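Read off the chains here:
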Amino acid sequence: MRIVVPMKAVPDLVEEIELSADETGIEREYLKFVLNEWDAQALEEALLLKDSGGAEVVAVGCSADPEIDQILYTALAKGADTAVKLADASAGGTGPAGIPVATRAALVAAFLEAQPADLVISGVQAADDPDGQLPSALAALLDLPHVSVVVSIEADADAVTVRQEFAGGVSHEVQVHLPAVIGVQSARQPPRYAPITRIRQAMQTGALTELAVTPRGARRGLVLRRMHGTETTGRAEMLTGDAGDVADQIVELLRARGLLRG
Amino acid sequence: MNRNVMVLAEHTAMQVSEGTYELIGEARELASALGGVTEVVLLGPRELAGQLRGADVVVCVDHPALADYLPEAYERALLEVLSQRAPRLLLMSNATVGLDLGAALAVRWDAPLAAYVSALGIDDGVVTATAKILGGKVLAEVELPGERAIATVLSGAFGTDADLSAAAADVVEVTPPAGLDALRMSLRQVIGAGVGDVDIAAAEMLVSVGRGIESQDNLGIVAELADALGVPLSASRPVVDAGWLPKTRQVGQSGLKVKPRAYLAFGISGAPEHLEGMRNAELIVACNTDPGAPIFGVAHFGTTVDLFDLVPALVDRVRG
Chain F
1 MRIVVPMKAV PDLVEEIELS ADETGIEREY LKFVLNEWDA QALEEALLLK
51 DSGGAEVVAV GCSADPEIDQ ILYTALAKGA DTAVKLADAS AGGTGPAGIP
101 VATRAALVAA FLEAQPADLV ISGVQAADDP DGQLPSALAA LLDLPHVSVV
151 VSIEADADAV TVRQEFAGGV SHEVQVHLPA VIGVQSARQP PRYAPITRIR
201 QAMQTGALTE LAVTPRGARR GLVLRRMHGT ETTGRAEMLT GDAGDVADQI
251 VELLRARGLL RG
Chain R
1 MNRNVMVLAE HTAMQVSEGT YELIGEAREL ASALGGVTEV VLLGPRELAG
51 QLRGADVVVC VDHPALADYL PEAYERALLE VLSQRAPRLL LMSNATVGLD
101 LGAALAVRWD APLAAYVSAL GIDDGVVTAT AKILGGKVLA EVELPGERAI
151 ATVLSGAFGT DADLSAAAAD VVEVTPPAGL DALRMSLRQV IGAGVGDVDI
201 AAAEMLVSVG RGIESQDNLG IVAELADALG VPLSASRPVV DAGWLPKTRQ
251 VGQSGLKVKP RAYLAFGISG APEHLEGMRN AELIVACNTD PGAPIFGVAH
301 FGTTVDLFDL VPALVDRVRG
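Going down the list, the sequences are from chains F and R. Just so we're aligned, residue 1 is where the first sequence starts under our numbering, counting upward by one. Just so we're aligned, residue 1 is where the second sequence starts under our numbering, counting upward by one.
The set of hints was computed from the structure by calculation and includes no laboratory data.
Taking lysine-lysine pairs in the DSS-like style, the calculated list, with each CA pair at most 30 Å apart, reads:
no.: 1; chain 1: R; residue 1: K257; chain 2: R; residue 2: K247
no.: 2; chain 1: F; residue 1: K32; chain 2: R; residue 2: K247
no.: 3; chain 1: F; residue 1: K50; chain 2: R; residue 2: K247
Chain R regions said to be covered by chain F (calculated; three or more residues, Cβ under 8 Å):
no.: 4; segment: 69-76
no.: 5; segment: 112-126
no.: 6; segment: 132-138
no.: 7; segment: 183-190
no.: 8; segment: 236-242
no.: 9; segment: 258-267
Because the structure is a prediction, the values reported are computed rather than measured. For each residue, glycine too, the CB sits at the ideal point set by N, CA and C.
Sequences are here, hints too, so could you generate the full structure?
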């Protein structure tokens, strides 16, 4: 089975996000980018399928993404067999928010048409995709069946059985014929760790190749008017002082509500 | 140009979801601004049409493959409805169904899509939306150009105070497309929610931890506070997805909704999916070093003191 895992970087949400002065994007220059956490889950699920039944796992990214080399080398170190960077032969711009989902889907679709996969597994969403999610956009371009918000995948000969999650812990077990596209919410186990020595080895093997593709079937996107921070002035009363002062105030809040014994 | 606003109804176990009514309420306002009507698409049992109050028209496709949600069946039926009814705007939930179908419909119906939507408007005939991105830290105001558009809307974005008492004036049946008999997937079983070691939804108080805890080794620090207070430890999605705590401890849209008397949030930034699960707690105290964290928008009290300083100080005081 050939499994393709499209991956991308997103701003590290632990850091403070700064907007550009003209409010049409985020300040990308000083921002730390990390692998989209749902893509990390998708790769893990693909590697679990490889571990249990044998599969060829191909990690795919776009050349215009920040940190993409590091992301793909790490995927190789974790157990992906090959990694491919897709360069946009039409030289489309990346825009203030990075590559739009429509363009990304069109690039990956072009790659998959040239080198078809039995199964495409990607993160269900990304923190910076206001124009929609990659997995089902990709599936529609290629006319493949798709299921998203998936929390486990089991492979048979010509089908996979996936568990699709809904609110409140309810889930559906769905059997999907291959080829298919799956959007992963979380893998059956936490993403594995890649030792730094294995990442260095991966950088030396040359298993990362670059390929120019022409996007296929890009569609109309959104027109950005303005970006701004969330209004948070609405509610919270901020507690002041050092950690000890703040702890005193929180304890008093709980005590006043009868939530503390003693 | 068509002026109608369409809502995809969601239902489980013969009950229409609460979120559907929220969408119908918003659709009515938008339809009124556009000079059109509100149409609600019901995929599945026709007898649910009676529950779809507030709709002007219910458009029903009834077929065995639509009894429960199945992505390919829903997508094919919805495309048939979209091509026949040609609405100006389609609204779906930004939960599983919207995350699953939104982007595919955008390609197949050739319409722009705005996801994670917290507000919608009509500006001189153009549909506008506000999308909550980057974990809820940034709002993107966008236009959806063209003559048709799709928005997937966050739960809780709109109030449910619209008057939805009137039954739909009209129920239109659409013949199921032939594609529903040649699907490439099938629903094998519906699995109910599991029961965990502790029921966080029943707890009077929760100590909850997010991404800011940084590593599994650090969990002990907040676990000690939960212990001292005699309450369960819960978490936001990143902590559970990393495998640091079991799924049964997860608060949020893909976890459990909780409404304790007090919710103490440490290192939780407040992504929309998390806020949906805890915003109704009686007292919310949030600790996050980022003063711009969206959690402060729903918390009653907040602090930007480092959790690694605050939590041990709290343990000292609680233990006395």
